[in-house]
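**Student:** Work out the full structure, taking the sequences as your base and the hints as a guide.
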Amino acid sequence: MVVTDRLSKQRHFIGCGSIEARYAARLFLHHVWKHHGLPKTIVSDRGTQFTSRLWQRLCQRLRISLKLSTAYHPETDGQSENSNQGLKQYLRAYVNYVQDDWVNWLPLAEFAINNHRSETTGVSPFYAVYGQHPRLGNEPPEGVRKLPQKQQLDVAAADRFAEWMTKLTENLRNEMDMAQSQHAEQANKFRSSAPQFKQGDKV
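At position 78 of the sequence shown the residue is numbered 92 (the numbering used here), and the sequence of numbers has no breaks.
None of these hints come from the bench; they were simulated from the model.
Accuracy of the hints is not assured; some may be wrong.
[Unchecked claim] Below, a list of computed lysine-lysine pairs in the DSSO-like style, where the Cα atoms sit at most 27 Å apart:
hint, residue 1, residue 2
1, K81, K102
2, K181, K102
3, K181, K164
4, K48, K102
5, K48, K81
6, K81, K54
7, K102, K203
This one's a predicted model, so the numbers in the text were calculated from it and none came from an experiment.
**Tutor:** Pasting the structure below:
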């Protein structure tokens, strides 16, 4: 499940298979509400969990306006579609050949996308929400002292993991730039410039 906050553009990637409305509501509570509170509106696809009586009643009770996207018209929910494209591209690059470890990559993808500058707002979603950029953890450690062999191995393993996270973050940032460029190119293919009118022209 992909959830996008329309104001900040912050995304939440929630690993799940096919779900029922009751479980969708629980996922929303656990992954979205705790960060943003209740939304005024929710735009979703026409999945059965979002068209169910339970989901409609829940939205009605919480005074959330429910808007369903039109089939075969992804522009209705363009923000989630953009997120889905970026996420698919990212997962293709990193999941194993059996494609059964995709859920393990979701937190890293969410962090990378939320730390990437939005063309719309001019700042990253992380900055829009928290007013600062996240600490990436690739700063060198302060002071090194002689440690026992076991602890040296632990330190080396931690350093390798931190370096891996740093490289991964850089790769993800590059992937996001490329995906954003490709999406803009595709979206602009079918757009034409607005006509220029002068005073006195008949419209």
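**Student:** Against this structure, judge whether each hint is valid.
**Tutor:** Here is what the structure says about each hint:
1. K81 <-> K102: holds, 25 Å
2. K181 <-> K102: holds, 20 Å
3. K181 <-> K164: holds, 26 Å
4. K48 <-> K102: holds, 26 Å
5. K48 <-> K81: Satisfied, since the Cα-Cα distance of roughly 22 Å is no more than 27 Å.
6. K81 <-> K54: Within the cut-off at roughly 11 Å; holds.
7. K102 <-> K203: holds, 22 Å
Violated hints for the displayed structure: none, as all numbered hints are satisfied.
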